[in-house]
Amino acid sequence: MPSSWLLNTQEGDITAPCHCSPDVPVTDVQLETFLVYSRSIDVATLHERHPDDDEGRTYAQRLIWNLGYKTLEKVTFTTSSKDESMEHLNVDEQMRIVESGIIYVDVRNEKDEWVRIEGKMGDVIVLPPGMYHRVVSSNSGPATCLRLFRRAETFRPIPRDTAGLSEALVKEAVEAHEEHMFFINNPPVETAMGPANDTDNILVKNPRDFDATLEKVKAALQPGDILVVLIKGVSHPKTHKSWCPPCVLAEPMVQRAVKAAKEKRRVVYVQCNVERSVYLGNPKYLYRTHPFIKVTGIPHFMVFQQGEGGLKDICRESTPWEGYEKWVEKL
Numbered sequence: 001m002p003s004s005w006l007l008n009t010q011e012g013d014i015t016a017p018c019h020c021s022p023d024v025p026v027t028d029v030q031l032e033t034f035l036v037y038s039r040s041i042d043v044a045t046l047h048e049r050h051p052d053d054d055e056g057r058t059y060a061q062r063l064i065w066n067l068g069y070k071t072l073e074k075v076t077f078t079t080s081s082k083d084e085s086m087e088h089l090n091v092d093e094q095m096r097i098v099e100s101g102i103i104y105v106d107v108r109n110e111k112d113e114w115v116r117i118e119g120k121m122g123d124v125i126v127l128p129p130g131m132y133h134r135v136v137s138s139n140s141g142p143a144t145c146l147r148l149f150r151r152a153e154t155f156r157p158i159p160r161d162t163a164g165l166s167e168a169l170v171k172e173a174v175e176a177h178e179e180h181m182f183f184i185n186n187p188p189v190e191t192a193m194g195p196a197n198d199t200d201n202i203l204v205k206n207p208r209d210f211d212a213t214l215e216k217v218k219a220a221l222q223p224g225d226i227l228v229v230l231i232k233g234v235s236h237p238k239t240h241k242s243w244c245p246p247c248v249l250a251e252p253m254v255q256r257a258v259k260a261a262k263e264k265r266r267v268v269y270v271q272c273n274v275e276r277s278v279y280l281g282n283p284k285y286l287y288r289t290h291p292f293i294k295v296t297g298i299p300h301f302m303v304f305q306q307g308e309g310g311l312k313d314i315c316r317e318s319t320p321w322e323g324y325e326k327w328v329e330k331l
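So that you can map any letter, position 12 of the sequence shown is 12 in full-length UniProt numbering, and since no number is skipped, the others follow by simple counting.
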């Protein structure tokens, strides 16, 4: 996984690591609060044919297909590369996969400070639209990356210094940045059942927090209590709709079922949000590999009843259908 730290802006050579003294590390969790996501993949097989792809796609092409990205291009960064070294934003989501060498992706945090993300071979870095950033090569040598765009057909940076730009382009940049800041300032605080709390309507924003949350919930369950878990694509803060169409279908079913179950038992509802860019095409995503959940697709719906000997499975469903609600009849 990429390492990150607060950038020392007093360092004259931006191709050097530019650590502060003392160093100020930035965690993955902190990066994710301003919508930057990362993971690592095996680049050795990136251009080999994927064994499970009927269309003959390579691993890289299948990743693009899974994510719904439109464009892929190979880019070589050197210390003299200029196209991304200026501070700019893009109006499209972008992904960079480092094939060789080291790149530095510098992004602005919520305080408008520079945070440096070090991308090495195999690192995947996803940047949201509307975020001011720059990309430079390390002074250790050239770096090669795959640069992916979700909707755009070409790389189209809009510099932060808008002098000389058309009014239309400036307007586009302002709107994209405002949208980005809206996402940052309005993180998820609700589940399908309303405002989240710490007792019976619990929101898990990050899969890293699932185990600790589950243990806390289980410790408070009494015999007969019902635990409902829904794993779904995170919702847009303006439209309140998930990026995952089947999840949109599942939510009203879950709402009806939980409401009906509460008339019979005490129900604890746990909703686990999933970010699209780090879930799709990622076989190592934590909910996929978790021994308790074993997600094969989302939405993933599970219902348990607390017994004297622990939790008992009542329902496990993925595809939204009547099974999302029929379990209530068993109570």
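Certain hints may be false.
As a list, the in silico SDA-like pairs of lysine to any residue whose alpha-carbon atoms are at most 25 angstroms apart [as the list claims (entries may be wrong)]: (1) Lys216 <-> Arg288; (2) Lys284 <-> Ser21; (3) Lys216 <-> Phe292; (4) Lys262 <-> Val278.
Pairwise CB distance ranges, derived in the manner of DEER restraints [what the hints assert, rightly or not]: (5) Gly323 <-> Asp112: 16 to 22 angstroms; (6) Pro223 <-> Pro283: 47 to 53 angstroms; (7) Glu263 <-> Asn197: 56 to 62 angstroms; (8) Asn139 <-> Lys74: 46 to 52 angstroms; (9) Asp211 <-> Asp112: 40 to 46 angstroms; (10) Thr154 <-> Met181: 24 to 30 angstroms; (11) Asn8 <-> Ala260: 54 to 60 angstroms; (12) Asn109 <-> Arg208: 33 to 39 angstroms.
These are calculated hints, taken from the structure and not from any lab test. Idealized CB from N, CA, C, for every residue including glycine.
Comparing the hints with the structure gives:
| no. | hint | in the structure |
| --- | --- | --- |
| 1 | Lys216 <-> Arg288 | 22 angstroms, holds |
| 2 | Lys284 <-> Ser21 | 35 angstroms, violated |
| 3 | Lys216 <-> Phe292 | 15 angstroms, holds |
| 4 | Lys262 <-> Val278 | 34 angstroms, violated |
| 5 | Gly323 <-> Asp112: 16 to 22 angstroms | 49 angstroms, violated |
| 6 | Pro223 <-> Pro283: 47 to 53 angstroms | 37 angstroms, violated |
| 7 | Glu263 <-> Asn197: 56 to 62 angstroms | 20 angstroms, violated |
| 8 | Asn139 <-> Lys74: 46 to 52 angstroms | 22 angstroms, violated |
| 9 | Asp211 <-> Asp112: 40 to 46 angstroms | 35 angstroms, violated |
| 10 | Thr154 <-> Met181: 24 to 30 angstroms | 26 angstroms, holds |
| 11 | Asn8 <-> Ala260: 54 to 60 angstroms | 58 angstroms, holds |
| 12 | Asn109 <-> Arg208: 33 to 39 angstroms | 20 angstroms, violated |
Figure legend: structure checked against the earlier numbered hints; hints not met, in rising order: 2, 4, 5, 6, 7, 8, 9, 12.
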